[in-house]
Each structure stands twice: as C-alpha cells, then as structure tokens.
Amino acid sequence: MWRATVKGLLGHKLRLALTVLAITIGVGFVTGSFVFTDTLGSVFDDLFSGTTAGIDVTIRPIIETETDFGFSLPEKIPAAVLDEVRAVEGVEEATGSVFWFVQLLDQNGEIAGTTGPPTFGASWTDTNRPGAFSLREGARPAADGQVALDRKTAERLGFEVGDTVQIVILGPPESFTLVGLAGFGEADNLGGAGFALFDIPTAQRVFRAGDTFDTIDVAAIPGVTPETLVERLQTMLPDSVEAVTAQSVAEEQAAALKEGLGFFNTFLLVFAGIALFVGTFIIQNTFRIIVAQRTRELALFRALGATGRQVTGMVLTEAAIVGVVSSGLGLLFGVALANVLAIAYEAFGGDLPEAALEVRLRTVVVALAVGVVVTLISALLPARKAASVPPVAALRDVESTTRRSMRTRVVAGAPISAFGIALGVIGLFVDLPFEGISPIALVGAGAAIVFIGVAVISPIFTRTVAGAIGAPFPRLLALPGALARENSMRKPRRTAATAAALMIGLALVSLATILAASFRGTVRQVIDESFRADLVISGVGFGGIGFSTSIADELEALPEIDRLARTRFGQASIQEGPAFVSAVQTHTFLDLFSIDLIAGGFEDLSLPSVALRTSRAEELGVVVGDTVTLTFARTGEQQLPVAAIWDGQGIQGSVLVSIETFEANFVEQLDSQVLIALRDGVTIESGRAAVESVTVAYPNVQIQDQADFKAQTESQINLILSLIFVLLLLSVLIALLGITNTLSLSIIERTREIGLLRAVGMSRKQVRRMIRWESVIISVFGAVLGIALGILFGWAVVRALSEQGLLFVLPGGQLIGALFAAGVAGIVAAVLPAWRASRLNVLDAIAYE
Amino acid sequence: MTRKEVAAGAAGAVKIYGEGEAQVNALNGIDVEFASQEFTAIMGPSGSGKSTLLHCLAGLDSLTGGRVYIGDTDLGSLEDDELTRLRRDQVGFVFQAYNLVPTLNAMENITLPMAIAGRKADQAWVDRIIDTIGIRDRLHHRPSELSGGEQQRVAAARALASRPDIIFADEPSGNLDSSSGAELLGFMKEAVDQLGQTIVMVTHDPAAAGYADRVVFLADGVVVGEMLDPTRERILDHIKVLEG
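First to last, the sequence lines map onto chains A and B.
Counting from 14, one number per residue, gives the positions in the first sequence under the working numbering.
Counting from 2, one number per residue, gives the positions in the second sequence under the working numbering.
Some hints here could point you the wrong way.
Here are the simulated distance ranges between beta carbons [unchecked claim]:
(1) A:Ala-30 <-> B:Val-7: 45 to 55 Å
(2) B:Asp-138 <-> A:Thr-477: 27 to 37 Å
(3) A:Leu-313 <-> B:Ala-23: 19 to 29 Å
(4) B:Ala-23 <-> A:Thr-477: 48 to 58 Å
(5) A:Ala-454 <-> B:Gly-149: 53 to 63 Å
Just some of the chain B residues that point at chain A, by a computed CB distance under 8 Å [to be verified]:
(6) His-56
(7) Asp-62
(8) Thr-85
(9) Arg-86
(10) Arg-88
(11) Arg-89
(12) Asp-90
(13) Phe-94
(14) Asn-100
(15) Val-102
(16) Thr-104
(17) Leu-113
(18) Asp-230
Hint data in this document are derived by calculation from the structure and do not stem from the laboratory.
Note that the Cβ used here is the ideal one computed from N, Cα and C, for glycine as well.
Turn these sequences into a full structure, and let the hints steer you where they fit.
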C-alpha cells in the first residue's frame, strides 16, 4: 500500500502543488516570526548581560506606580546617599548616574526620528571599569557642552566627531560638541534606540537634577558577592530607595524589551494562523476533488480486497506526506522571511550585531507539527469519504453525488454558527468573572467557528446566489457566459467550498475597513464637537512627549492670544488601579476644553483636590465631597477630596487636578498640550504666525489647527490600517490560489465535456471566457458572503466599543470596491486554468477515460 | 458516382503515430470519396484506421501526409480557428457517448452549435427534426434524465440542426440496446433520404452498416473493398472473404 500511495501522490504532483503553497506560506510565517523574535531576544539578552560587567549592585528609588503606559519618576537620590554608600564595607566603587529622554535635531534643524523609539540621554560614569557604554571613536565627554552619541544615530544623521549637535531636553535646544561615538555592548545602539551621553555634572544640569542621581552603580570588592552587598546596603538606605543586584536589573530591562517582542510575535502568529485557517478550506476542497476523481482507482483497491480503513489510511498518508513536504518548504521560507524582517529592523534604525539567525529546535518542531496537523485535519473528512466508495465503482460509473439532503447541512451548520456567535458575543460584551481566558481570544475563536458554520450552510443558497450573480451573463456573454453560470451552480458544495476561503479573507478585510472608517469617523466627530481652540501646541515625537513649560509662559504675552490653557499628563494610581492624571489650569481650561460639569465645581480644584470622570467616579463609588487616595511616584499616598464630577471627549484620562497640585506631586514638569484661543478679529494665519515666532526656538513642538489635528490623527489610523491590510492580503492571496486550484481540478473533471464543446465548434477564446467568468461568479459569491460577515463582525465590535464612544461608520464605497476587486481577482485566478482548458487537445479530450 | 457531388474525401492520406519501433501507420495513403446526400458506412477491424480517418476528415486530427477535404476546402490549409469554425458551421458530430453538455437541457443541446456561433436557429427546420425524431416531450429534460437511446437521438438532432454539409458519426449505436439502436439508425437513414443530409458513419456492427447506402471496407490504413446497397448478410459474407 505504501508504494501505491507514493506513486499515487507523484501522479498528482501538479494538483497538489497549490495545496503545498498554502501550507508553506502559513508555516513560513510561523517560522519566520519565531526565528526573528528568538534571534532578537537573544541579542537583547546578550546586550544587557554584557552591560552588567563590572557593576554588581544598583541602587534606585522604589517605583510604586507602574502602569501599562510607562511610569512616573520618583524623587531622585540625594548626593549624600552616595557618600554614605561609598563608606559601606565591601563597596569598592560607587558612581551616580542621571538619565531621561532627549531629542536630537538633524542637520535641517528638525527633530530627528519622530517615528522610532526615543533617544536616551544619560551620564557616562567616568571610571575605568568596562561599563555598559563603550567608546568607539573620539573621547568621552569630560566637560560641559560635550556630548557623545551612539554610532548608529551619528551615522544616520551625518554627524562626525567635532560637529555641533543641537539637543532638546527640558528647555529650548542647546548646542553641544560631539566629542565621541559610543556603542552599547556589541551593538551600536540600544536595541533600536539611540543615546546621548554627557559627563555627570552636565547631565545633572540638563536634566535639572540638582545634586541628585537617578541610580547609583556599585562595584563590590572582589570576594564580596552582590547578594551580600545588597543586604548590607539595604540596612543603611532610606526607605524610598532600594538596592538590587545588577544582574536582576539587566534581566528586568531585557524582559521589558522582550515583552514588546512578544507582542510582535503574537501579532505575526495571528496572521499566520489566519493564513493556515484559510489553507484548511483549500486543502479539504482539494482532497475532496482528488478523491472524487480517483473513485475508480480507489474502488479498484476496494475490489481487490483493501478495507475501507486502508483506503482512508492511503489518503491520510498522502496528506501527511504533503504536510511534511510543505512544512519543510515552509521552514526554509520562514528563515528567508526572518532575514527580511531583520533587514527591515535595521532599516528602521535597529542594530543587529553579526548574529546568526537563531533557529531553535522548538521552532522546527512547531513548524512541522503545525503544517502536518493542519493538513491532516483538513484531509480527514475527504479521507473518510474515500472509504465509502463501493468496490463496484471500479467497473461502471457510479453516480457519486450522495444526495444527502440539504437539511442535514442546516442541522449541522446552524448550531455551529450559533455557537460561534455566542462565543463572540461573550468575548465582546460579557465581563468574564475569571482570569485566564482573554476576551480577544474568545472573539477570535468565535469568528473562526462562525466561518466554519457558514461554510457548512452555504451550499444551500449557492444556487440562488450564484445564479443571481451570473444572471446578466447569458445576455452579456452569450453561450460561454450561460455555461459559466450553469457550471457555477451545478455543484453547490464545491462552489461553496471554493468560495469559502475567499469569504474568510474578505470578511477580515471588510472588518478592518469598517473599523478604520468607524475610528476615523468617530475621531472626526469628536474633534468637531470638542475642539474649541483655534490652535493647539503639542509635542513632536515619540509618545507625545512633553515640552518646556516656558513656551506657554512666552505665549501668554502675545497680543494676538485671548487666552490659553495648558495641560500636563502623568501616571499615578487611584485606590489600587492605574490612573492617567491630567493637570489643567482651573481658570481657563473650561473655555477651551469641551467638558460637561456633572456635579460639584472646578473652582475648588486649586485646593489640592481631584475631579473625576463619571465612569471613574461610578467605578470607585464616590460622589462630590468624598475623599480618594491617590498614590504618586514622588510623594506617595495622598488623600484628596473629590471637587467635581465631569464627562466629555475634550480631554484624555479620568482624573483631573490643577497645575498646582500637579507641581506638588510630580517630578517631571513638562506641558503636554497648550490650547490657544485667539482674540476676536485675529485670523488663524496671523495667529499662527505670531505663535510661530515663539515656537521657532523649540523644534520639538508643532502648531496645529483643527484641520491639521484631524489630518494627523487620520493619517495615523491609515498607517496602522495599511499594515494590517498587507498582512490580510496574504490570506486573500492564498484564497485566490485555492480558486485557481479548484478550477484546474474541475477542468480535469470536465475534460470530455470541454472536448465535446471544442469538437462542436467552440473556439479557444470562448472556452477561456467560459472558465474565466465561472471563476468570477465564485469569487464574487465568496466576496458577498465575506462582506456580509465582515459587516456583521464590524457592527458587533463597534457596538462593544461604543462605551468608549466609538461610532459605527459603514464605508459603502470601499466595500463595493472590495466586491469589484474580488471579481477582478477571479479573472486573474482563472488565467492559468482557462489557458490550460483552451489548450486541451480535442481528440484526446473526447477520448478521455 | 459521378452524378452525385463529392461531400468529402481523402487523397493519399497518411497518418503516422509514434517513432521507430513504436511507429504505427494508421493511414497508409488512403484514397476515398464520400458522396453528397448519401449514407456511407466505414467498416474494418481494430487498427484498420477507420476512426483515424473519421477524425482527420472531421478536422479533429491532422494528417502526416496527403490531403483531406470537405467540399472544396483542403483541411490542411486551415488554421485552428478556421478548423473550429468549420466544425461549428459545416460539420455535425455524433459520438458513441458523452455527446451532450450535462448542464443544458435537450433543446439547448440541440441548438448548441448555433448558440456557439451566436446565431438564431432556423426554427422551422429544428421543429421538423424534433418531430421526426420524436423527442418533443423530452425537450426540457437534462441528459441525466434521458435514456441512452434518447440521448443519442438528441445528439443526432443536434448534428442535423445546424444544417451541416456533412455529418460524422463514430459508432453511434455502439452503446445502445438493439431496439434503441435500430430507432436511431432508422432516423439517420431518414435524414439522408428525406432531408437530404450526408452522413459518414464508422461502425463495426454489420447490422448498423446495413442501414447505409454504401459500405467502405478498410484494413491496414487503406481501402480494401466497397459494397453498394448493403445488407447485413452480404456484409457478413464479405467480411468472411476479407478475413479468409
């Protein structure tokens, strides 16, 4: 049986080629993702463990408030602590360091690298230990006005040792002389982020640290273990400060970076999963057709004495071989893909030391297993059907259309779809009482099950829908068109199965389109409703980093400005949960921010107090007059009364405090936004010109009016959408390959019929036309189903997010465009099969057995 | 013979398959003519070249040497597209099986060549054929709903419906039981006698050949005999002579 299987397989090489491709692509993405993230993870591990050489213990302030968005700075460590640490037994050396984020200006005077990770600014310890940073060229900064940059950034911006570099830190840009180029461990920058290094006094000055430090690095006398030193230090350090081994700090830092990698890995794996899911539909269809075409051959085996199970085994073995071969190819493809990702990473500013790509055993095993398992599962149903071929079919033509009633399909498919919908609804709308199952995973699983359910039911209405789609064909395309329509309707199960793959791809594409349109529409409406200012000043660059408070001070003096309102953002925790705190100027902000006062009043905010958003107040169960506990990084726990309750889209976050309260409780003081109302009679243009006269000295801010603001937000949404689109396109591509595949197989089935038509006088062009438009009907059918599902999913998701204010926008034009594109794709998918059909030798065809 | 026109014929036709040891000389310089408005049968043992001759005459296969023609048209001079049009407009076919497109009903199958050409059928002519054949009550049925005999009769009706210059039939009654076969062949004869058609039929069945006006005997790729006004018995005798 083994030889028969292998020979059977080789006989169908071409038929299986496209099936192999689907698995290869899916497995390739799985492999590529793992290889890339493993490689990068190792690079980070090496990077950070290399940096602890020479440092044994790090002393740092205890960070109480750490949220998903980052952390707020605690109070720094006074210099006195450094002196005390130096006196501790076992300490050989102790140095303090200061760090924060900086922004470099490029050669054109604009902020460099606004789309990448931020630049890290730090002091460079002036000891002769091998530290984290290593000098590559030039000298270390040793005086005020001197800076060393990472080599990668210097190269990218075109700076050489000796040049003047302008850097924005907490105030207006300052000029520094580039005295050296540095690297971090083996790499030329810090996992994609650049850095700027100063000597300690300079760092303390520019980061406004006074005579304090952010951390103290301690080296132990040889023979003293880091752990011992930690114990000794803990006993003498103030309560707000802790000592940890440098090793654990390195591990923490590496883990933080790797967490980001983990998200990226998951992101790619999701798309690989979608590709493989689409692939299962294609594989199942292919094997079903192959089994049907080999009825006579399989019947012969049965007639000669093979059991049904042996026949099933044959088909499954074929599937397994296909799975192994395609997974193997997928592995190779995945390694190539990882290379591409590495190149992209370097292009976006990352630096990979000469590391070979890491292909772990786990990756190989997972890739092979995934490929084989997916293929086997997909081939399971057709394989079992193969066992039911009656032996007598070897001798005469047995009509194999088991007219299992359509009712069975509804009975099976409806509950499946209902189950999938239920899962999705639970994931979207129900608050799960237990941890461990992510709602997103539930929604995803629900969607997948709905797809399966719909695919099972769809043959029921294939005839009607395909007939409707093809209704104009007989008139527009004469006989070939009529035959195309008839052919698409004659085997509803096959048409539906072929279209199913495209249905999935288009459902996801429609979903993405609808979500993007909804986001865009909501944002536009929110901006229209709540954008009361004439102009807004905000920070340019990573994560809305703040800018110098002196800008607003200077702007206040301008005659063109009627009033302005500044805000600052920070992180804290409120009664155990994280809180995004916005600070506002109590007198002016109501004019410029669109806020509805629900209870209380904002006048009292200047007394230390908070104003809570309605949802947050309800969550905490407090009303005006109650006291809440806020924990700040700098000042710890504070009891603050609730002065007001408000709602509205005009400001982020749920906790408002006054600027004064913010200044009292936070270390970092940077404005995040300044809203400006111009005097009556002043035009936007002249207002903007006036503001620019102030901001010209601060390249790290931008001025926007309402239109600019909208445009920027929209372009951000569009960017994300494009990325998702590209990845979804992969699945659509696989689906189209599926259509090509099925068409080719069904043409083989219809060889005699095509031969007859050619004999009776149908031209090659007419044959091509017939195949082509059959493909179009199938594609459009899949697209109709997919778009309908996509609208359903889109509506459900938007509904679930409507609490956050998301509105449902249906981009009708884009969806119709997608339908049209599916039709065009159908034409493309048919090119090869149609060509082969037209090339059939008429004589061979009519003699075809 | 000279009083009738020549509908089709072959002159020195040679058809060779394969090379060297595996070479097969299907047609060995065969010369034959088929008259208009006649029912001609081609008979011969396996390997005699009768099917090959039919295929080449119909424009389904090409010769290695010599000439084959329909009317005044030398088929060797035609391109594929022209051959296709020839088959559509000037030639009718009846095969042993699988004559009909499964997704079309009987009526649509009958008018298939015209539909391919984008022309309207001559309705009076088609009606006449349908009534002569006697399948009017089966017109809206699909092939899967017709018996073998009915399918072949629909195929014959199709072959006639486009009013071709000549009809080629390859073992048309081969898959039918004797009564359906007789029905079909009787109709074909009627088409020649009453409707003025020309039919060339390949068969191995002497009873079927008995319906023809003339039988041409082939062996080893050449004509080895002919018989006018054949009957089944005379044919059987002649075959014994040929084999003897």
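Status of the hints after comparison with the structure:
no.: 1; hint: A:Ala-30 <-> B:Val-7: 45 to 55 Å; in the structure: 51 Å, holds
no.: 2; hint: B:Asp-138 <-> A:Thr-477: 27 to 37 Å; in the structure: 29 Å, holds
no.: 3; hint: A:Leu-313 <-> B:Ala-23: 19 to 29 Å; in the structure: 27 Å, holds
no.: 4; hint: B:Ala-23 <-> A:Thr-477: 48 to 58 Å; in the structure: 54 Å, holds
no.: 5; hint: A:Ala-454 <-> B:Gly-149: 53 to 63 Å; in the structure: 59 Å, holds
no.: 6; hint: His-56; in the structure: 6 Å, holds
no.: 7; hint: Asp-62; in the structure: 5 Å, holds
no.: 8; hint: Thr-85; in the structure: 5 Å, holds
no.: 9; hint: Arg-86; in the structure: 7 Å, holds
no.: 10; hint: Arg-88; in the structure: 5 Å, holds
no.: 11; hint: Arg-89; in the structure: 2 Å, holds
no.: 12; hint: Asp-90; in the structure: 7 Å, holds
no.: 13; hint: Phe-94; in the structure: 6 Å, holds
no.: 14; hint: Asn-100; in the structure: 7 Å, holds
no.: 15; hint: Val-102; in the structure: 6 Å, holds
no.: 16; hint: Thr-104; in the structure: 4 Å, holds
no.: 17; hint: Leu-113; in the structure: 6 Å, holds
no.: 18; hint: Asp-230; in the structure: 31 Å, violated
The structure does not agree with numbered hint 18 stated previously, though it agrees with all others.
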